[in-house]
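Trainee: So you can see what is in the structure, the chains are spelled out below.
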Amino acid sequence: MSADHYNGTSAGVTRHYAPYVQADWGYANHWYPALFSTELADGTVKGVTIGGHDIALRRSAGKAYALSDRCIHRGVKLSAKPMCLSEGTVTCWYHGYTYSVDDGSLTTIVGNPDDSLIGRAAIRTYPVEEVNGMIFVFVGDADYGTPPPLESDLPMRVTNDPNNSPVAHLMDDNIIVRGIHRKLVGNWRLAAENGLDPGHLLVHWDNQILVALDRALPLGVNALTDDATEEIDIPNGPKGVMNRYDRPDLYQPVLENPKVDIKARGTVQHYFRTSLWVPGVLMVEHWPITDVVQYEFYVPIDDHHHEYWEVVATRAHTDEERAEFDFKFEHFFKPLALEGFNNSDVFAREATEEHYTRFDGWNNEMLCDMDYSIIAWRKMAARHLRGYFESPYRDED
Amino acid sequence: MSADHYNGTSAGVTRHYAPYVQADWGYANHWYPALFSTELADGTVKGVTIGGHDIALRRSAGKAYALSDRCIHRGVKLSAKPMCLSEGTVTCWYHGYTYSVDDGSLTTIVGNPDDSLIGRAAIRTYPVEEVNGMIFVFVGDADYGTPPPLESDLPMRVTNDPNNSPVAHLMDDNIIVRGIHRKLVGNWRLAAENGLDPGHLLVHWDNQILVALDRALPLGVNALTDDATEEIDIPNGPKGVMNRYDRPDLYQPVLENPKVDIKARGTVQHYFRTSLWVPGVLMVEHWPITDVVQYEFYVPIDDHHHEYWEVVATRAHTDEERAEFDFKFEHFFKPLALEGFNNSDVFAREATEEHYTRFDGWNNEMLCDMDYSIIAWRKMAARHLRGYFESPYRDED
Amino acid sequence: MSADHYNGTSAGVTRHYAPYVQADWGYANHWYPALFSTELADGTVKGVTIGGHDIALRRSAGKAYALSDRCIHRGVKLSAKPMCLSEGTVTCWYHGYTYSVDDGSLTTIVGNPDDSLIGRAAIRTYPVEEVNGMIFVFVGDADYGTPPPLESDLPMRVTNDPNNSPVAHLMDDNIIVRGIHRKLVGNWRLAAENGLDPGHLLVHWDNQILVALDRALPLGVNALTDDATEEIDIPNGPKGVMNRYDRPDLYQPVLENPKVDIKARGTVQHYFRTSLWVPGVLMVEHWPITDVVQYEFYVPIDDHHHEYWEVVATRAHTDEERAEFDFKFEHFFKPLALEGFNNSDVFAREATEEHYTRFDGWNNEMLCDMDYSIIAWRKMAARHLRGYFESPYRDED
Numbered sequence: 001m002s003a004d005h006y007n008g009t010s011a012g013v014t015r016h017y018a019p020y021v022q023a024d025w026g027y028a029n030h031w032y033p034a035l036f037s038t039e040l041a042d043g044t045v046k047g048v049t050i051g052g053h054d055i056a057l058r059r060s061a062g063k064a065y066a067l068s069d070r071c072i073h074r075g076v077k078l079s080a081k082p083m084c085l086s087e088g089t090v091t092c093w094y095h096g097y098t099y100s101v102d103d104g105s106l107t108t109i110v111g112n113p114d115d116s117l118i119g120r121a122a123i124r125t126y127p128v129e130e131v132n133g134m135i136f137v138f139v140g141d142a143d144y145g146t147p148p149p150l151e152s153d154l155p156m157r158v159t160n161d162p163n164n165s166p167v168a169h170l171m172d173d174n175i176i177v178r179g180i181h182r183k184l185v186g187n188w189r190l191a192a193e194n195g196l197d198p199g200h201l202l203v204h205w206d207n208q209i210l211v212a213l214d215r216a217l218p219l220g221v222n223a224l225t226d227d228a229t230e231e232i233d234i235p236n237g238p239k240g241v242m243n244r245y246d247r248p249d250l251y252q253p254v255l256e257n258p259k260v261d262i263k264a265r266g267t268v269q270h271y272f273r274t275s276l277w278v279p280g281v282l283m284v285e286h287w288p289i290t291d292v293v294q295y296e297f298y299v300p301i302d303d304h305h306h307e308y309w310e311v312v313a314t315r316a317h318t319d320e321e322r323a324e325f326d327f328k329f330e331h332f333f334k335p336l337a338l339e340g341f342n343n344s345d346v347f348a349r350e351a352t353e354e355h356y357t358r359f360d361g362w363n364n365e366m367l368c369d370m371d372y373s374i375i376a377w378r379k380m381a382a383r384h385l386r387g388y389f390e391s392p393y394r395d396e397d
Numbered sequence: 001m002s003a004d005h006y007n008g009t010s011a012g013v014t015r016h017y018a019p020y021v022q023a024d025w026g027y028a029n030h031w032y033p034a035l036f037s038t039e040l041a042d043g044t045v046k047g048v049t050i051g052g053h054d055i056a057l058r059r060s061a062g063k064a065y066a067l068s069d070r071c072i073h074r075g076v077k078l079s080a081k082p083m084c085l086s087e088g089t090v091t092c093w094y095h096g097y098t099y100s101v102d103d104g105s106l107t108t109i110v111g112n113p114d115d116s117l118i119g120r121a122a123i124r125t126y127p128v129e130e131v132n133g134m135i136f137v138f139v140g141d142a143d144y145g146t147p148p149p150l151e152s153d154l155p156m157r158v159t160n161d162p163n164n165s166p167v168a169h170l171m172d173d174n175i176i177v178r179g180i181h182r183k184l185v186g187n188w189r190l191a192a193e194n195g196l197d198p199g200h201l202l203v204h205w206d207n208q209i210l211v212a213l214d215r216a217l218p219l220g221v222n223a224l225t226d227d228a229t230e231e232i233d234i235p236n237g238p239k240g241v242m243n244r245y246d247r248p249d250l251y252q253p254v255l256e257n258p259k260v261d262i263k264a265r266g267t268v269q270h271y272f273r274t275s276l277w278v279p280g281v282l283m284v285e286h287w288p289i290t291d292v293v294q295y296e297f298y299v300p301i302d303d304h305h306h307e308y309w310e311v312v313a314t315r316a317h318t319d320e321e322r323a324e325f326d327f328k329f330e331h332f333f334k335p336l337a338l339e340g341f342n343n344s345d346v347f348a349r350e351a352t353e354e355h356y357t358r359f360d361g362w363n364n365e366m367l368c369d370m371d372y373s374i375i376a377w378r379k380m381a382a383r384h385l386r387g388y389f390e391s392p393y394r395d396e397d
Numbered sequence: 001m002s003a004d005h006y007n008g009t010s011a012g013v014t015r016h017y018a019p020y021v022q023a024d025w026g027y028a029n030h031w032y033p034a035l036f037s038t039e040l041a042d043g044t045v046k047g048v049t050i051g052g053h054d055i056a057l058r059r060s061a062g063k064a065y066a067l068s069d070r071c072i073h074r075g076v077k078l079s080a081k082p083m084c085l086s087e088g089t090v091t092c093w094y095h096g097y098t099y100s101v102d103d104g105s106l107t108t109i110v111g112n113p114d115d116s117l118i119g120r121a122a123i124r125t126y127p128v129e130e131v132n133g134m135i136f137v138f139v140g141d142a143d144y145g146t147p148p149p150l151e152s153d154l155p156m157r158v159t160n161d162p163n164n165s166p167v168a169h170l171m172d173d174n175i176i177v178r179g180i181h182r183k184l185v186g187n188w189r190l191a192a193e194n195g196l197d198p199g200h201l202l203v204h205w206d207n208q209i210l211v212a213l214d215r216a217l218p219l220g221v222n223a224l225t226d227d228a229t230e231e232i233d234i235p236n237g238p239k240g241v242m243n244r245y246d247r248p249d250l251y252q253p254v255l256e257n258p259k260v261d262i263k264a265r266g267t268v269q270h271y272f273r274t275s276l277w278v279p280g281v282l283m284v285e286h287w288p289i290t291d292v293v294q295y296e297f298y299v300p301i302d303d304h305h306h307e308y309w310e311v312v313a314t315r316a317h318t319d320e321e322r323a324e325f326d327f328k329f330e331h332f333f334k335p336l337a338l339e340g341f342n343n344s345d346v347f348a349r350e351a352t353e354e355h356y357t358r359f360d361g362w363n364n365e366m367l368c369d370m371d372y373s374i375i376a377w378r379k380m381a382a383r384h385l386r387g388y389f390e391s392p393y394r395d396e397d
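Chains as they are written, first to last, in UniProt numbering: chain P, 1 to 397; chain S, 1 to 397; chain A, 1 to 397.
Derived by calculation from the structure, the hints in this document are not laboratory data.
Just so you know, these numbers come straight off a predicted model, no measurement behind them.
Some hints here could point you the wrong way.
Note: identical chains are not told apart, hence a pair may lie in one copy or across any two.
What the hints assert, rightly or not - Computed cross-link-like contacts, SDA-like style, restricted to lysine to any residue with a CA-CA straight-line distance of at most 20 Å:
#	residue 1	residue 2
1	K259	T44
2	K259	G119
3	K81	N207
4	K379	P147
5	K259	S37
6	K259	L117
7	K263	R182
8	K379	P253
9	K81	E350
10	K259	S60
11	K259	A121
12	K328	N222
Please put together the full structure from these sequences, using the hints given.
Mentor: The structure is reproduced here in structure tokens:
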């Protein structure tokens with residue numbers, strides 16, 4: 001028998017955002033977070049993989065650099081056994097090929113200082129920006145040219161009701177940023193869509209943070225008009241879609257569903273707003289609590305794994321304010337929100353992967369009215385493609 | 001060099017039962033056991049996979065139902081996080097798609113009771129029969145029509161010498177059924193053939209149950225004529241092959257083999273009889289002891305795994321008889337027979353898989369005279385094919 | 001984007017040793033070590049895999065035999081559950097197919113001594129040589145004919161400066177051989193090349209054995225002329241390449257590299273010499289200490305794994321000398337050299353595999369002057385090919 005029980009109705013729809021559906025490995029030529037600053041001590045090397053690119057991060061004299069993590073000699077990872085013999089260089093632990101962190105040039109070979117290859121070969125380097133405790137790397141085509149500013153790959157700057165105060169932007173002065181990141185099973189797009197998704201509140205209905213704070217959580221939020229999801233396209237700047245939860249005229253919460261005898265829980269109203277930005281960055285304003293913002297990055301590792309980044313930020317001008325945020329991060333935000341609350345999302349994303357991988361989910365899904373903002377995101381993302389990551393594997397068994 | 005050391009002589013023979021050789025994923029359009037009744041409590045959902053079909057079992061108001069275990073929305077398994085909000089429905093834990101267990105129709109979406117998709121979409125359902133503590137599901141083509149009766153997919157009813165008493169049939173009244181099931185590596189056909197196989201006694205020669213009961217175990221049993229294996233084809237009923245061990249005129253036991261200086265062990269004669277039935281059900285009459293019958297199901301999960309079911313049954317009219325059987329099951333049949341004895345078969349089946357998978361075993365085997373009943377089974381099974389299970393995977397890496 | 005960051009310059013070079021690059025599964029029609037004699041007790045069966053050949057070793061009446069480890073019947077491994085019922089035979093544990101160890105013929109079937117297949121079928125056998133505690137098997141084409149002598153697949157006999165004494169050869173009388181072997185990730189060629197490699201001293205710079213003995217370890221050794229690597233081609237005998245470290249006129253040690261501010265460590269000079277022989281056998285004369293020789297075999301298992309053999313040998317004429325060597329092996333050579341020192345090589349080899357497997361490393365490497373002897377080895381090996389091992393898998397998913 002044929003597997004006709006997996007037919008969805010979406011096959012014809014995907015043409016509206018075909019470039020997005022093809023981006024299994026992610027969007028090339030963008031800035032992605034690679035490490036927290038605290039993870040890269042001076043004098044060491046750490047390896048990450050972004051969109052199939054194996055990248056070695058090296059801090060030298062305080063500054064962070066990024067190079068290909070594959071020695072040109074025989075392809076071992078430089079980060080497999082970090083060897084930093086002098087400032088400004090990374091040495092391969094196997095045969096001593098030594099590269100300049102500035103331009104990747106082969107400056108010496110430890111055991112053969114007069115080797116004829118020296119000065120005639122180089123490893124690839126990547127642009128790096130380090131800001132507010134996060135190290136970003138621009139990953140993509142070697143011949144891409146000057147990368148656009150980091151800010152164009154972060155959510156836009158917003159001033160948010162109801163406080164009418166500016167939300168902490170990751171490049172602001174006088175803010176504090178804390179967070180975690182982890183490797184998950186699942187394509188980066190499934191993670192990004194889950195982040196924006198207005199229809200998945202059910203997976204959070206029993207989360208401890210909501211129960212403890214008695215937060216009102218509707219069963220769903222109904223968009224009343226097409227304006228509920230705003231498409232934002234800033235020239236030379238961020239591109240994203242925003243659920244305008246700040247506009248009560250655009251949404252109606254669903255508080256009960258008699259058909260299955262279920263009602264919304266909680267009594268304390270809490271305002272927040274979500275938006276998703278190319279190449280896969282979520283902003284949740286006023287979350288986990290008012291005046292804090294949560295950013296999430298869904299960084300493609302390969303076509304079936306992503307690095308899930310969760311950071312929270314707020315304004316902080318004094319040491320006391322920073323210490324208070326640190327304390328709340330360790331004992332409230334991290335255990336109850338980044339882990340407790342978002343682990344429900346992690347479960348959902350990993351559970352979705354199999355269908356999209358093995359059953360061609362992009363052409364076998366059956367979206368509903370609640371998916372309006374996900375469709376808007378797909379179309380927006382499809383229009384703003386700088387390039388694809390592709391599988392780097394040439395000869396795999 | 002080529003791998004010529006794996007050449008068997010069977011390549012030309014397989015044409016006699018070609019449909020059977022093609023049935024890697026199993027026989028579609030048959031009844032298969034899915035769960036024991038005790039494994040499915042009221043108000044919950046359990047997932048199983050049969051022939052590539054992911055199936056969710058749900059008990060509601062005492063009755064067992066079977067639906068596709070893939071939400072039509074984004075393909076997650078309903079059973080991954082069971083959510084039963086009302087009688088007669090299963091709700092997907094991710095976005096609240098809620099299905100009727102009767103016909104699979106989408107009856108509501110928790111967070112959006114007015115969604116336009118409601119009433120216009122459905123999930124697939126499967127016919128279910130529950131009898132004597134076992135839940136059977138009819139799995140196959142969605143358009144197959146009315147399934148044949150469950151009884152046609154079970155071994156036939158027999159009255160067996162030497163007692164001339166009817167053997168407990170799984171659909172009888174006044175019987176008791178106990179058993180276990182487990183997922184094994186190995187194609188379902190290798191398991192089924194091992195069950196019937198008259199030539200594999202050697203793997204059992206040191207089993208504790210035989211040593212403890214001093215049972216006589218010959219080295220082999222020689223069929224004297226072609227009638228030793230009977231082909232049974234009941235119109236609109238079971239199809240199978242039976243080793244007529246009840247006919248001493250047809251078999252001669254082998255008690256010694258001087259070439260390797262080995263003799264049969266044990267002194268207590270014990271009568272039993274084996275038969276194998278489409279779509280892969282073994283009956284061993286008078287096993288593990290006289291007046292008990294052991295049934296085995298080799299339920300295909302995918303092309304390399306099967307669910308191995310072992311159940312024992314006997315007639316029981318009183319609570320005392322049932323209690324006695326329960327006690328014997330826990331302290332004798334299960335540890336010494338279903339596990340102790342049959343674990344030798346499990347070892348053999350799993351050891352056989354690699355050759356059939358990697359070395360095209362169906363065309364590279366060298367059968368001998370002892371394999372007459374396996375050949376008979378293959379031909380019988382090839383003639384009674386209602387359909388194939390096929391790989392449901394569309395886009396696997 | 002394309003994965004252009006993995007481009008090496010070697011693509012055009014590989015034509016000089018193309019047959020070697022094609023030998024993913026190893027060189028067929030050679031002698032390979034299969035087991036230490038102590039690993040094969042009389043009356044048992046052990047299984048090994050060499051170049052994709054599953055081979056069962058059986059000792060009967062003191063003599064070692066090798067047969068295919070796949071029963072012709074249904075392909076299970078004989079070694080999965082050893083069954084030796086009589087001298088000179090191996091019996092399959094599943095259905096009792098019994099083979100003569102001499103010629104592999106099917107001499108009986110335990111449960112059916114009169115089966116018509118008996119005498120008309122056979123399993124493949126392999127030539128075996130057992131010498132000084134090691135069991136070698138000749139593995140390759142079934143129709144290869146008489147194998148060349150074992151000695152042609154071992155390193156040549158040498159008399160070595162500075163002692164001008166003959167180095168212990170594995171086929172000599174009055175020597176003692178001890179060692180270990182283990183399965184590693186990585187193609188056999190990457191392991192062999194690492195063994196010979198004059199450029200990888202850096203991975204050993206902090207090894208405990210060197211630090212404890214204060215051995216002088218240069219950063220590298222520069223070949224001054226092309227004669228530094230000698231190609232040795234003995235008619236009807238061993239073929240190999242030798243780093244002529246015994247010739248101070250050919251090499252210059254590198255003791256410092258100011259560019260990265262590193263100097264060689266250690267003060268005690270120690271003489272040794274390395275050579276690599278077809279089909280992948282390393283000889284390190286005077287290692288780990290003077291008058292001991294270390295041999296290493298990189299035996300292909302499949303295209304991504306090899307069995308790593310390390311043996312040390314020396315001359316020993318008395319029981320006292322043998323006992324002293326045994327004691328040193330257990331408490332010095334094995335922990336500090338075969339494990340401690342060579343574990344750095346194991347790490348390096350396993351780290352190299354990914355690049356050669358997934359990124360077509362043979363055409364994407366960038367060799368340097370220090371790789372002269374590896375290039376010489378590849379060319380030598382390419383000229384002396386008796387055949388390829390090939391993948392035995394026919395029908396893999």
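Trainee: For this structure, which hints from the list above don't hold up?
Mentor: The structure conflicts with hints 4, 5, 7, 8 and 12, although it agrees with all the remaining ones.
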